[in-house]
Amino acid sequence: MNWFIKTFSRRHNWSIPYLIFLLIFVVLPMLLIVYYAFHDADGNMTLRNFTKFITNAEAANTFVYSIGIALITTLLCILLGYPAAYILSNSELCRSKVMVVLFILPMWINILVRTLATVALFDFLSLPLGEGALIFGMVYNFLPFMIYPIYNTMQKMDHSYIEAAQDLGASPMKVFTKVMVPLSMPGVMSGVMMVFMPTISTFAIAELLTMNNIKLFGTTIQENINNGMWNYGAALSLIMLVIIFATNLFSDEDEANTNNEGGII
Amino acid sequence: MKKFFAQTYLWLLLAMLYAPILIIAIFSFTETKVLGNWTGFSTKLYTSLFSGGVHHSLLTAIENTFIIAIISAAVSTLLGSVAAIGIFNLHHKKKMIMNTLNNIPMLNPDIITGISLFLLFVSLGITQGYTTVVLAHITFCTPYVVLCVMPRLQQMNPNIYEAALDLGATPMQALRKVLIPEIKPGMISGFILAFTLSIDDFAVTIFTIGTEGLETLSTYIYADARKGGLTPELRPLSTIIFATVLLLLIVINIRSARSKKQSNAQ
Numbered sequence: 078m079n080w081f082i083k084t085f086s087r088r089h090n091w092s093i094p095y096l097i098f099l100l101i102f103v104v105l106p107m108l109l110i111v112y113y114a115f116h117d118a119d120g121n122m123t124l125r126n127f128t129k130f131i132t133n134a135e136a137a138n139t140f141v142y143s144i145g146i147a148l149i150t151t152l153l154c155i156l157l158g159y160p161a162a163y164i165l166s167n168s169e170l171c172r173s174k175v176m177v178v179l180f181i182l183p184m185w186i187n188i189l190v191r192t193l194a195t196v197a198l199f200d201f202l203s204l205p206l207g208e209g210a211l212i213f214g215m216v217y218n219f220l221p222f223m224i225y226p227i228y229n230t231m232q233k234m235d236h237s238y239i240e241a242a243q244d245l246g247a248s249p250m251k252v253f254t255k256v257m258v259p260l261s262m263p264g265v266m267s268g269v270m271m272v273f274m275p276t277i278s279t280f281a282i283a284e285l286l287t288m289n290n291i292k293l294f295g296t297t298i299q300e301n302i303n304n305g306m307w308n309y310g311a312a313l314s315l316i317m318l319v320i321i322f323a324t325n326l327f328s329d330e331d332e333a334n335t336n337n338e339g340g341i342i
Numbered sequence: 006m007k008k009f010f011a012q013t014y015l016w017l018l019l020a021m022l023y024a025p026i027l028i029i030a031i032f033s034f035t036e037t038k039v040l041g042n043w044t045g046f047s048t049k050l051y052t053s054l055f056s057g058g059v060h061h062s063l064l065t066a067i068e069n070t071f072i073i074a075i076i077s078a079a080v081s082t083l084l085g086s087v088a089a090i091g092i093f094n095l096h097h098k099k100k101m102i103m104n105t106l107n108n109i110p111m112l113n114p115d116i117i118t119g120i121s122l123f124l125l126f127v128s129l130g131i132t133q134g135y136t137t138v139v140l141a142h143i144t145f146c147t148p149y150v151v152l153c154v155m156p157r158l159q160q161m162n163p164n165i166y167e168a169a170l171d172l173g174a175t176p177m178q179a180l181r182k183v184l185i186p187e188i189k190p191g192m193i194s195g196f197i198l199a200f201t202l203s204i205d206d207f208a209v210t211i212f213t214i215g216t217e218g219l220e221t222l223s224t225y226i227y228a229d230a231r232k233g234g235l236t237p238e239l240r241p242l243s244t245i246i247f248a249t250v251l252l253l254l255i256v257i258n259i260r261s262a263r264s265k266k267q268s269n270a271q
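In the order they appear, the protein sequences are chains A and B.
Under the numbering used here, residues 78 to 342 are what the first sequence spells out, in order.
Under the numbering used here, residues 6 to 271 are what the second sequence spells out, in order.
Hints are computed from structural coordinates only; laboratory data are not their basis.
Some clues are possibly wrong.
Partner residues are not named here, just some residues of chain A that face chain B (Cβ under 8 Å, in silico) [claimed, not checked]:
1) Ile110
2) Phe127
3) Met176
4) Val178
5) Met250
6) Ala311
Here are the simulated lysine-lysine pairs, DSS-like style, with alpha carbons at most 27 Å apart [stated by the list, open to error]:
7) A:Lys233 - B:Lys8
8) B:Lys99 - B:Lys189
9) B:Lys100 - B:Lys8
10) A:Lys251 - B:Lys189
11) A:Lys251 - B:Lys7
12) A:Lys174 - A:Lys129
13) B:Lys7 - A:Lys255
14) A:Lys292 - B:Lys232
15) B:Lys7 - A:Lys233
16) B:Lys232 - B:Lys49
17) B:Lys8 - A:Lys174
18) A:Lys251 - A:Lys233
19) A:Lys129 - A:Lys292
20) B:Lys232 - B:Lys38
21) A:Lys255 - A:Lys233
22) B:Lys49 - B:Lys38
23) B:Lys8 - A:Lys255
24) A:Lys174 - B:Lys7
25) B:Lys38 - B:Lys100
Ideal Cβ placement from N, Cα and C applies to all residues, glycine included.
Work out the full structure, taking the sequences as your base and the hints as a guide.
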């Protein structure tokens with residue numbers, strides 16, 4: 078027994094190197110963001126980085142504008158992606174799994190290459206680069222990230238609910254609004270996370286799609302860091318983190334609920 | 006009728022998703038400066054891409070990208086597999102903490118990972134370059150390796166390992182002959198995944214690459230695109246990257262399909 082306990086303890090200790098690694102390269106750097114955000118360049122504690130953000134019209138405007146763009150992108154992705162996920166998960170409408178793979182594939186292509194491809198498309202159609210190109214590029218870049226989670230939830234959905242609703246005389250419209258939509262909500266929520274988060278944090282995409290005419294919040298952060306304004310950049314990063322954390326809480330709550338429901342059933 | 010509309014919708018969306026890439030791929034075989042203006046088939050862009058001249062640093066960038074990807078993927082696979090075995094054997098609460106920590110790099114947006122690591126390296130006074138990029142890539146790749154190896158451990162029959170010990174194998178032998186063969190498919194998938202992630206990365210790399218002139222493919226594309234919009238040489242380059250990623254993904258998919266079949270057969 079003794080040797081067994083020894084080996085066992087040795088094996089669970091195998092997580093220690095990774096724990097140390099995580100502490101140095103994940104936890105400590107995150108704490109550094111907080112530290113830099115609340116200190117000035119000389120190392121004195123200050124809130125000036127945050128007041129600077131609030132009083133600086135340009136940064137605040139960029140922030141609001143970025144959230145707007147992110148919301149529009151997310152909404153368009155839901156509008157385009159939801160029907161696609163529905164069709165893909167419905168065996169009557171789409172039988173081949175290859176289709177699903179085709180929709181997921183673009184997720185793995187370098188985002189810069191995808192963005193340059195969008196620029197190429199607009200060049201090809203001789204359309205001007207600008208806000209329209211920005212939104213198209215964002216939707217193009219992140220649509221697969223919306224379709225995939227919704228498809229996944231619909232795939233796992235118990236289809237007898239739909240049949241039950243139909244048997245009980247619900248119209249197709251009713252089945253959709255009262256059964257399909259509520260049941261697929263967790264997928265939509267994680268899709269929203271996967272689209273909203275990157276849209277608000279990207280920096281190179283906007284630059285390339287608008288010939289540097291429109292700035293998003295990510296670009297502002299990158300510029301500050303590049304220009305040596307680490308403290309201000311860290312404060313802006315922290316603001317972004319808080320927003321992402323807040324949206325995360327929403328979807329987490331939702332997921333926890335569905336997990337419980339699943340457990341009960 | 007309904008099916009027809011559904012199929013049309015899917016194909017239209019796919020056309021939208023793939024049109025840009027296709028245009029780039031098609032026009033990588035012609036010399037024109039302006040897209041849409043076909044000036045005859047030519048592979049000149051491909052040869053000029055690799056033959057030096059203005060783009061002499063491209064070869065170095067490709068070399069750097071691959072070396073960084075191979076080192077990061079190898080270290081991530083090792084670190085992640087060892088960690089997965091450790092986490093798998095942890096007790097409930099500690100396991101949850103480790104899993105949460107493991108999730109942070111995956112949930113964090115790239116820009117935050119990049120900036121946080123940038124701040125770490127400047128605070129510690131480490132000059133940014135090869136080492137910092139590799140460390141950064143290991144940071145965001147390892148969680149995915151852990152996620153690839155973990156299911157293999159959960160599927161594994163724990164009695165096999167104990168049986169090996171009962172039959173007189175040393176823990177080292179049991180590890181080599183029982184545990185590693187069981188988790189090997191997960192390790193390989195993890196390695197390929199880490200490799201693709203590393204090659205693909207831009208946001209983290211740009212913050213950790215420093216100013217010593219080191220370039221990877223992503224930062225090269227970024228610098229080039231920033232300078233001159235869409236320079237013709239980026240077309241064959243994008244096409245090659247797209248084809249490579251496609252190939253790697255097909256390999257991963259075939260592998261996972263095969264392992265599913267195997268586990269079904271068992």
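Structure-based check of each hint:
no. : hint                : result
1   : Ile110              : holds, 5 Å
2   : Phe127              : violated, 17 Å
3   : Met176              : holds, 6 Å
4   : Val178              : holds, 7 Å
5   : Met250              : violated, 14 Å
6   : Ala311              : holds, 7 Å
7   : A:Lys233 - B:Lys8   : holds, 22 Å
8   : B:Lys99 - B:Lys189  : holds, 25 Å
9   : B:Lys100 - B:Lys8   : violated, 47 Å
10  : A:Lys251 - B:Lys189 : violated, 49 Å
11  : A:Lys251 - B:Lys7   : holds, 18 Å
12  : A:Lys174 - A:Lys129 : violated, 52 Å
13  : B:Lys7 - A:Lys255   : holds, 21 Å
14  : A:Lys292 - B:Lys232 : holds, 17 Å
15  : B:Lys7 - A:Lys233   : holds, 23 Å
16  : B:Lys232 - B:Lys49  : holds, 22 Å
17  : B:Lys8 - A:Lys174   : holds, 16 Å
18  : A:Lys251 - A:Lys233 : holds, 21 Å
19  : A:Lys129 - A:Lys292 : holds, 18 Å
20  : B:Lys232 - B:Lys38  : holds, 15 Å
21  : A:Lys255 - A:Lys233 : holds, 18 Å
22  : B:Lys49 - B:Lys38   : holds, 12 Å
23  : B:Lys8 - A:Lys255   : holds, 23 Å
24  : A:Lys174 - B:Lys7   : holds, 19 Å
25  : B:Lys38 - B:Lys100  : violated, 56 Å
The structure does not agree with the numbered hints 2, 5, 9, 10, 12, 25 stated previously, though it agrees with the rest.
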